[in-house]
Amino acid sequence: MAINKNALIRYKTIDKCLQNRMRDWTLQDLIEACSDALYDFEGRDVNVSTRTVQLDIQMLRSDKLGYNAPIEVYERKFYHYSDPNYSITNIPLTENDMNVLSETMDMLRQFQDFSLFNEFKGIFNKLEDKIYTERHKKPAVIHLDKNTDLKGLELLDELYQAILKEVVLDLMYQSFKARVPQTFIFHPHFLKEFNNRWFLVGQRAGSNIVLTLALDRIMGVDYDFTVPYKSSEIRADQYYANTIGVTVLNDAQLQNVIFKVNKQNAPYIETKPFHTSQQLVEKHRDGSVTFQIRVHLNFELERLLLGFGDSLEVLAPRQLRRRMRNKFREGLKCYERN
1 MAINKNALIR
11 YKTIDKCLQN
21 RMRDWTLQDL
31 IEACSDALYD
41 FEGRDVNVST
51 RTVQLDIQML
61 RSDKLGYNAP
71 IEVYERKFYH
81 YSDPNYSITN
91 IPLTENDMNV
101 LSETMDMLRQ
111 FQDFSLFNEF
121 KGIFNKLEDK
131 IYTERHKKPA
141 VIHLDKNTDL
151 KGLELLDELY
161 QAILKEVVLD
171 LMYQSFKARV
181 PQTFIFHPHF
191 LKEFNNRWFL
201 VGQRAGSNIV
211 LTLALDRIMG
221 VDYDFTVPYK
231 SSEIRADQYY
241 ANTIGVTVLN
251 DAQLQNVIFK
261 VNKQNAPYIE
271 TKPFHTSQQL
281 VEKHRDGSVT
291 FQIRVHLNFE
301 LERLLLGFGD
311 SLEVLAPRQL
321 RRRMRNKFRE
331 GLKCYERN
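Numbered according to the UniProt record's numbering, the sequence shown spans residues 1 to 338.
Treat the hints with caution; some may be incorrect.
Beta-carbon label-pair distances, calculated as ranges [unchecked claim]:
| # | residue 1 | residue 2 | range |
| --- | --- | --- | --- |
| 1 | Asn99 | Arg51 | 36 to 42 Å |
| 2 | Ser62 | Asp216 | 53 to 59 Å |
| 3 | Lys165 | Gly331 | 45 to 51 Å |
| 4 | Asp40 | Thr276 | 23 to 29 Å |
| 5 | Asn47 | Lys16 | 56 to 62 Å |
| 6 | Lys333 | Pro181 | 33 to 39 Å |
| 7 | Asn208 | Arg294 | 35 to 41 Å |
| 8 | Ile209 | Gln264 | 40 to 46 Å |
| 9 | Asp40 | Glu72 | 35 to 41 Å |
| 10 | Asp216 | Asp310 | 28 to 34 Å |
Each computed DSS-like pair below joins lysine-lysine, with the alpha-carbon atoms no more than 27 Å apart [stated by the list, open to error]:
| # | residue 1 | residue 2 |
| --- | --- | --- |
| 11 | Lys151 | Lys165 |
| 12 | Lys260 | Lys272 |
| 13 | Lys260 | Lys192 |
| 14 | Lys260 | Lys230 |
| 15 | Lys272 | Lys230 |
| 16 | Lys272 | Lys327 |
Because the hints were derived from the structure by calculation, they are not lab data.
Please read all numbers here as calculations on a predicted model, not as lab measurements.
Think of the CB as a built atom: it goes at the ideal place given N, C-alpha and C, for glycine as much as any other residue.
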């Protein structure tokens, strides 16, 4: 059950009052305490009715929110906790709560290379301590792929901060094809992750061409505060809408890629589509299935299709089918050598 912030403030206020056994608390006292707390929070008068606080007490007593507060009325008008040690802040975590928290923290740790993670370290440590004291640690049941040895990960946060603060970069970069590194001024726009590798997307100074730079090929990062930052209207989800991978060919014509997958592998592609445009074209009698996607033809697409080996046949377009055939022929030569 969702709780709005005002209700949560009232619950905490009532809880704090009932923990104070040095005075007697009437319903009117609780109403005034809740009104004062909401005024402190909102900065304005908030009308708290008798009915509202009565419903709050009823909710605290119930198990709907897991409180089961032992609120009693004595002398027909005063409220207190029958258990002097009770507080809604001392509610133990359920096993399901602890499992959810543990797995959530494990997933969030995948982003520990970003400084944003540091702001939550204290919270994580407290939660871990809470969980540990209530049960023995269990092994994680969710595992996310992450190559911690990947070169360039140490640059993630620095580049992330540069993008947020709109700082122009002076980069030293060497692609796998280049013999020597080159240095240039770069306007960073966003970071892209694909297949466990990270890329920096932006534009060189004086150019409108969008470049995608692999972090593991960045040899050095410096800043140039003398150059005004050039913002971009490009949005990552739109930029990669017609692309598999990171090689974007927006000046190329979109192609209808039609491919046939055998019976054994068709369910994998049907349940995990290659692209958002994927459509099922035909189911054949032998169990094979023909699919279609509408994308740009690029290196990553070819690698994806090649990865299915003899279980996938490209039917169209003709130039892609020809390239796939040639690659399989060259690959066969490798296995025919002694």
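Hints, verified against the model:
1. The given range of 36 to 42 Å is respected by Asn99 and Arg51, whose C-beta atoms sit roughly 38 Å from each other.
2. Separated by about 56 Å at the C-beta atoms, Ser62 and Asp216 satisfy the suggested range of 53 to 59 Å.
3. At roughly 47 Å, the beta carbons of Lys165 and Gly331 sit within the given window of 45 to 51 Å.
4. Judged by the Cβ atoms, the range 23 to 29 Å given for Asp40 and Thr276 is violated: they are separated by roughly 48 Å.
5. Take Asn47 and Lys16: their Cβ atoms lie about 21 Å apart, and the range 56 to 62 Å is violated.
6. About 34 Å separates the C-beta atoms of Lys333 and Pro181, a value consistent with the hinted range of 33 to 39 Å.
7. Taken as a hint, the range 35 to 41 Å is violated for the pair Asn208 and Arg294, whose Cβ atoms sit roughly 26 Å apart.
8. For the pair Ile209 and Gln264, the supplied restraint of 40 to 46 Å holds, since their beta-carbon distance comes to about 43 Å.
9. The hinted window of 35 to 41 Å between Asp40 and Glu72 is violated, with their beta carbons roughly 28 Å apart.
10. Our hint of 28 to 34 Å for Asp216 and Asp310 holds, since their Cβ atoms are close to 32 Å apart.
11. Simply put, Lys151 and Lys165 have alpha-carbon atoms about 24 Å apart, close enough for the 27 Å limit, and the pair holds.
12. Straight-line distance between C-alpha atoms of Lys260 and Lys272 comes to about 15 Å, which keeps the hinted pair within the 27 Å bound.
13. Taking the CA atoms of Lys260 and Lys192, the gap is about 30 Å. The hint is violated against a cut of 27 Å.
14. Between Lys260 and Lys230, the direct Cα distance comes to roughly 45 Å. Violation of the 27 Å bound is thereby established for this hinted pair.
15. Under the criterion of a C-alpha separation no larger than 27 Å, the hint pairing Lys272 with Lys230 is inconsistent with the structure, at around 38 Å.
16. Note on Lys272 and Lys327: the hinted pairing holds, with a Cα-Cα distance of about 25 Å set against a maximum of 27 Å.
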